[in-house]
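Asker: Sequence:
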Amino acid sequence: MPVPPSSSLPTHDAPIGVYDSGVGGLSVLRALRARLPAERFVYVADSGHAPYGDRPRPYLLGRAGAVAGFFVAQRAKALVLACNTISVVAAETLRAQHALPIVAMEPAIKPAVAATRSGIVLVLATTATVHSPAVERLCRIWGREVEILLQPCPGLVELIEQGRFADPATRALLERYLRPALDAGADMVVLGCTHYAFVQDEIRRLAGPAVQVIEPSDAVARQLVHRLGPALAPAGAAGASTCYYSSGDTEALRRFLELMGRPGAVVHTLPQDS
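Heads up, the sequence shown is in our numbering, so the first residue is 1 and it goes up one at a time.
Simulated from the structure, these hints should not be mistaken for lab results. Do not take every clue at face value.
Simulated pairs of lysine to any residue, SDA-like, Cα-Cα distance not exceeding 25 Å [stated by the list, open to error]: (1) LYS110 - GLU202; (2) LYS110 - ASP187; (3) LYS110 - PRO180; (4) LYS110 - ALA31; (5) LYS110 - ASP201; (6) LYS110 - ARG144.
Please put together the full structure from these sequences, using the hints given.
Answerer: Quick look at the structure:
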């Protein structure tokens with residue numbers, strides 16, 4: 001299928017779009033800013049339509065298409081799908097529709113399989129990610145000689161969206177999702193949802209020092225650098241900034257940004273047709 005001409009080609013001063021269902025993608029945005037301090041970013045939290053984890057595929061494709069259209073209208077030079085659920089459901093569809101580089105995420109099963117000593121890998125993810133064809137493919141390719149335990153985590157994203165990182169309810173949920181695999185001997189925990197990066201300290205505490213936790217934000221940032229190449233803003237270029245949008249409660253996103261050490265951030269309402 002030919003790519004529509006509406007998608008603009010990368011330019012130095014164009015922004016980079018970062019898209020998640022809510023606040024989880026801010027963990028990826030943090031890694032992007034660390035590697036690309038001269039770039040402009042536009043972040044969209046589709047909180048008005050979240051959580052994504054239990055949504056049907058047609059609904060998710062519709063939301064991904066609408067948000068991608070918003071970034072095209074912003075003349076973004078790249079789009080980072082900072083959401084595992086949208087990545088495994090919609091990345092290929094979006095790439096067929098738009099010319100701009102699209103960097104997606106998938107659970108880091110390959111490196112976990114390469115590093116495991118016990119032969120048991122735990123993947124924490126949303127229900128939609130766990131049951132996606134993309135994850136089934138990863139398990140089929142890399143799981144031939146190890147046991148990969150796929151653990152859906154309903155309810156966890158909602159607690160993280162509320163900033164309840166060390167809350168007793170969050171710890172109880174993490175214990176429920178981690179304990180069976182840890183007792184079975186898992187020595188690798190793959191974070192298959194960007195939200196989970198905000199509770200990785202709790203996950204490490206519960207898992208213990210012998211268990212490695214894999215969080216992919218920096219790998220995504222490296223991939224974006226590779227994809228953009230000459231279209232990256234020159235080091236020291238003026239104009240670096242981040243603009244935030246939410247389709248839900250803008251004040252909730254602003255408060256979360258304060259928790260991340262970014263007080264005073266202005267959050268705009270995502271246009272209703274996005």
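Asker: LYS110 and PRO180 were given as a pair; does the straight-line alpha-carbon distance stay at or below 25 Å?
Answerer: 22 Å, holds
Asker: When you check the alpha-carbon spacing of LYS110 and GLU202, does it fall within 25 Å?
Answerer: With Cα atoms ~24 Å apart, LYS110 and GLU202 stay inside 25 Å; holds.
Asker: Holds or violated: LYS110 and ASP187, Cα atoms, limit 25 Å.
Answerer: 14 Å, holds
Asker: Are the Cα positions of LYS110 and ASP201 separated by 25 Å at most?
Answerer: Between LYS110 and ASP201 the Cα gap is close to 23 Å, so the pair holds against 25 Å.
Asker: Is it true that the CA of LYS110 sits at most 25 Å from the CA of ALA31?
Answerer: Holds: LYS110 and ALA31 sit about 21 Å apart, inside 25 Å.
Asker: With a cut-off of 25 Å on the C-alpha distance, tell me whether LYS110 and ARG144 pass.
Answerer: With Cα atoms ~11 Å apart, LYS110 and ARG144 stay inside 25 Å; holds.
In summary, this structure violates none of the numbered hints.
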